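J.: Listed here are the chains, written in short residue letters.
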Amino acid sequence: MTSTRTQAGFPGVGMLRETGRLFALGLDVVRGFFQRPFQVREFIQQCWFIASVTIMPTALVAVPFGAVIALQLGSLVTQFGAESFMGAASVLAVIQQAAPLVTALLVAGAGGSAICADIGARTIREEIDAMEVLGVSAVQRLVVPRVLASMLVAVLLNGLVSVVGVLGGYFFNVVLQGGTPGAYLASFNALAQLPDLWISELKALIFGFIAGVVAAYRGLNPPPGPKGVGEAVNQSVVITFLLLFFVNFVLTTIYLTIVPAKGS
Amino acid sequence: MGAEVVVEGLTKSFGKQAIWRDVTLTLPPGEVSVLLGPSGTGKSVFLKSMIGLLKPERGKCVINGVDICSCSERKLYEIRKLFGVLFQDGALFGSMNLYDNVAFPLREHTKRSESEIKRIVLEKMEMVGLLGAESKLPGEISGGMRKRAGLARALVLDPEIILCDEPDSGLDPVRTAYLSQLLIDLNAQIDATILIVTHNINVARTVPDNLGMLFRRELVMFGPREVLLTSDEPAVEQFLNGRRIGPIGMSEEKDTATMAAEEAARAAGHHDGSPEEDVRGVVPQMQPSPGLPVRKGDRRRKDRVMRILHNLPAPAQQGIVESLSDSDRQRYGLQRQPAPVGRPDDTRPLGPGAQRPNHALSQESVANLPRSAWQPPPESSPQAPQPRPGDG
Ligand SMILES: Nc1ncnc2c1ncn2[C@@H]1O[C@H](COP(=O)(O)OP(=O)(O)O)[C@@H](O)[C@H]1O
Ligand SMILES: [Mg+2]
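Protein chains in written order, with numbering that gives the first Met the number 0: chain F, 0 to 263; chain W, 0 to 391.
These are computed hints drawn from the structure, not numbers from a lab.
None of the values given here were measured: they were computed from a predicted structure.
Ideal placement from N, C-alpha and C gives every residue a C-beta, glycine not left out.
Hints are not guaranteed to be accurate.
Unchecked claim - Each pair of labels, with its calculated beta carbon distance range:
| no. | chain 1 | residue 1 | chain 2 | residue 2 | range |
| --- | --- | --- | --- | --- | --- |
| 1 | F | GLY224 | W | GLN286 | 39 to 47 angstroms |
| 2 | F | PRO194 | W | ASN63 | 52 to 60 angstroms |
| 3 | W | ASN201 | F | PHE245 | 57 to 65 angstroms |
| 4 | W | ILE307 | F | PHE33 | 50 to 58 angstroms |
| 5 | W | LEU130 | F | PHE22 | 47 to 55 angstroms |
| 6 | W | HIS108 | F | VAL237 | 48 to 56 angstroms |
| 7 | F | PHE33 | W | GLU77 | 17 to 25 angstroms |
| 8 | W | HIS108 | F | ASN188 | 32 to 40 angstroms |
| 9 | W | ARG57 | F | GLN96 | 49 to 57 angstroms |
| 10 | F | PHE33 | W | LYS110 | 20 to 28 angstroms |
| 11 | F | THR18 | W | GLY14 | 57 to 65 angstroms |
What the hints assert, rightly or not - Straight line, CA to CA, 30 angstroms or less: simulated DSS-like cross-link-like pairs of lysine-lysine:
| no. | chain 1 | residue 1 | chain 2 | residue 2 |
| --- | --- | --- | --- | --- |
| 12 | F | LYS226 | W | LYS110 |
| 13 | W | LYS123 | W | LYS15 |
| 14 | W | LYS123 | W | LYS135 |
| 15 | W | LYS110 | W | LYS135 |
| 16 | W | LYS135 | F | LYS226 |
| 17 | F | LYS226 | W | LYS54 |
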């Protein structure tokens with residue numbers, strides 16, 4: 000009987016099963032990208048919604064982030080006597096690491112939690128069931144536009160963070176630490192290269208996808224009971240953070256291996 | 000005509016918690032069936048298993064030759080278009096107003112023009128008495144209205160099978176009566192197979208052709224309404240009469256100690272407020288509103304029930320024979336006899352006159368039944384052979 004099979008198992012089998020289902024949903028979503036009809040309206044609405052909950056906090060976080068990097072690097076670089084590389088180092092740090100991560104945190108924390116709460120509430124109210132029974136796939140109809148929106152917004156936010164972060168760094172270095180504007184700008188090109196920007200945007204794209212899929216998965220399968228949706232939102236944010244930092248590590252490693260650093 | 004639903008040996012559990020096992024029943028095409036059961040016995044789970052939202056561990060649920068429990072995703076979406084489902088709380092889409100909710104299936108699955116959609120939507124809204132509330136959001140209306148709007152949405156594609164999860168809960172008795180009448184009228188108009196899940200005794204007594212009950216993780220019985228309505232089964236009797244004395248307790252099962260204590264208290268003269276009256280027994284069934292066609296399912300059911308009459312318990316036999324009209328009696332070759340009192344506890348065997356249906360309904364006599372309005376279904380199903388009046 001199946002019930003004995005579901006009970007039997009080793010520690011962690013439940014987690015493996017959940018992971019498997021998460022991946023299955025991810026594949027379904029990717030397949031859904033290419034299925035017609037595409038839910039244009041839902042997509043635009045979701046883009047607008049996710050952007051509206053993330054833009055402001057992202058901008059606010061990006062300025063101090065750029066500043067912290069500038070301050071930290073500023074004193075370090077001065078000790079080495081390498082002030083002329085100040086701009087380059089700050090740009091590298093912001094674009095390659097800080098921007099995608101800040102984006103990820105905000106897309107997961109603000110966008111993902113909103114997606115999860117929305118879909119979770121629909122699940123509890125049996126809207127998802129009703130949709131499936133009406134012969135409409137909830138993945139195609141609800142999840143795909145949300146994941147795509149989350150990806151697009153992540154990419155745009157990443158651009159925003161890069162610009163705001165670099166400007167913030169510039170401001171702190173030049174105005175507060177007495178750096179020279181010319182040297183800061185001139186060194187942009189010394190270490191940074193175009194692929195840095197591409198990898199940064201690629202990371203943001205992948206982070207947006209992960210945040211969207213995890214949020215949708217937890218929303219579609221909330222723990223039973225009235226507290227279920229709250230727990231689901233909480234878990235979705237935590238799971239997304241863990242996944243994002245891990246994926247960031249993997250992507251960075253691969254990138255540094257296959258794209259040689261400039262000047263080396 | 001509605002589709003036939005054959006459920007065989009269905010078993011469902013969540014983890015270690017068994018919900019029900021080995022549920023076997025057939026929803027005859029175009030008939031109205033009611034599934035009774037105390038709260039929490041898995042009635043909603045059963046409905047969801049029937050439409051493939053939950054996967055039972057074992058068993059089959061076959062519709063038009065497709066097993067819902069094991070067919071492909073694509074087939075499942077296809078077969079679900081035959082269904083109209085009313086969920087327990089209406090399950091309306093919270094972000095759309097009532098009009099868009101009801102129009103949703105039409106916009107998804109048909110290429111109708113907006114004006115045509117408008118006509119259909121308004122017609123269904125009128126049917127459930129919601130005309131004028133089209134622009135309200137689901138959050139702004141009462142539970143009863145949500146339920147009726149959910150029904151309108153379920154009906155909009157003219158389903159062959161209608162499943163209703165507790166259409167009466169949250170509705171007052173008057174609205175419940177209207178809703179029951181609406182379902183019967185629908186059945187008369189589109190001949191859909193209907194399954195209503197409820198714990199409302201009144202609905203169970205007056206609406207269905209077939210009646211079943213889930214209890215203690217099993218289907219206690221399922222069959223012609225007369226069988227359950229006259230049953231001596233303790234759980235059925237307790238449930239129909241709404242008493243505390245009996246096997247059903249506050250939690251799913253009563254332990255014997257509680258049962259004995261209650262029995263002793265009653266013997267000692269403690270009146271627990273349960274109704275004294277025994278409401279079992281066959282009461283007249285709800286009929287379609289005047290002006291509507293007769294229910295074809297009713298005709299088919301009578302033929303079927305008369306054919307298996309000799310296998311039914313005596314009180315049920317009596318209830319069935321008494322509920323026949325004069326023309327029915329003629330049709331089935333019964334003579335009018337002095338009506339015996341239809342008490343459920345009256346287990347007196349039928350008189351010699353009433354014995355006649357047994358042999359009167361041998362294979363030949365069924366074949367000789369007068370031609371009725373309905374045509375034999377195009378595809379015959381081996382599980383539940385229909386009487387074929389046209390064959391003779
Ligand atoms: N998705 C689920 N996961 C775990 N248990 C469930 C789930 N759905 C229902 N149950 C359990 O199944 C039982 C029957 O529920 P339900 O079908 O809603 O009863 P009712 O007959 O009142 O409709 C309940 O005990 C409930 O806890
Ligand atoms: Mg229920």
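J.: Verify the CB-CB distance for HIS108/W and ASN188/F against the hinted window 32 to 40 angstroms.
T.: violated (58 angstroms)
J.: Does the hinted range 39 to 47 angstroms hold for GLY224/F and GLN286/W at CB?
T.: holds (43 angstroms)
J.: 48 to 56 angstroms was suggested as the range; check whether the CB atoms of HIS108/W and VAL237/F agree with it.
T.: Distance hint for HIS108/W, VAL237/F is violated at roughly 39 angstroms.
J.: Quick check: does the Cβ-Cβ distance between ARG57/W and GLN96/F fall within 49 to 57 angstroms?
T.: holds (53 angstroms)
J.: At the C-beta level, are THR18/F and GLY14/W separated by a distance inside 57 to 65 angstroms?
T.: For THR18/F and GLY14/W the Cβ distance comes to about 19 angstroms; the hint is violated.
J.: Is the gap between the beta carbons of LEU130/W and PHE22/F within 47 to 55 angstroms?
T.: About 48 angstroms separates the Cβ atoms of LEU130/W and PHE22/F, which means 47 to 55 angstroms holds.
J.: Below or equal to 30 angstroms on CA atoms is what counts here, so check LYS123/W against LYS135/W.
T.: holds (16 angstroms)
J.: Given the hint that LYS226/F pairs with LYS54/W, does the C-alpha gap stay at or below 30 angstroms?
T.: holds (24 angstroms)
J.: At the C-beta level, are ASN201/W and PHE245/F separated by a distance inside 57 to 65 angstroms?
T.: holds (59 angstroms)
J.: Is LYS135/W close enough to LYS226/F, meaning Cα to Cα at most 30 angstroms?
T.: holds (28 angstroms)
J.: Can you tell me whether the CB distance of PHE33/F to GLU77/W sits inside 17 to 25 angstroms?
T.: holds (21 angstroms)
J.: Could you tell me whether the CB distance from PHE33/F to LYS110/W stays inside 20 to 28 angstroms?
T.: holds (23 angstroms)
In terms of the numbered hints stated before, the structure departs from hints 6, 8, 11, 12 and 13, listed from lowest to highest.
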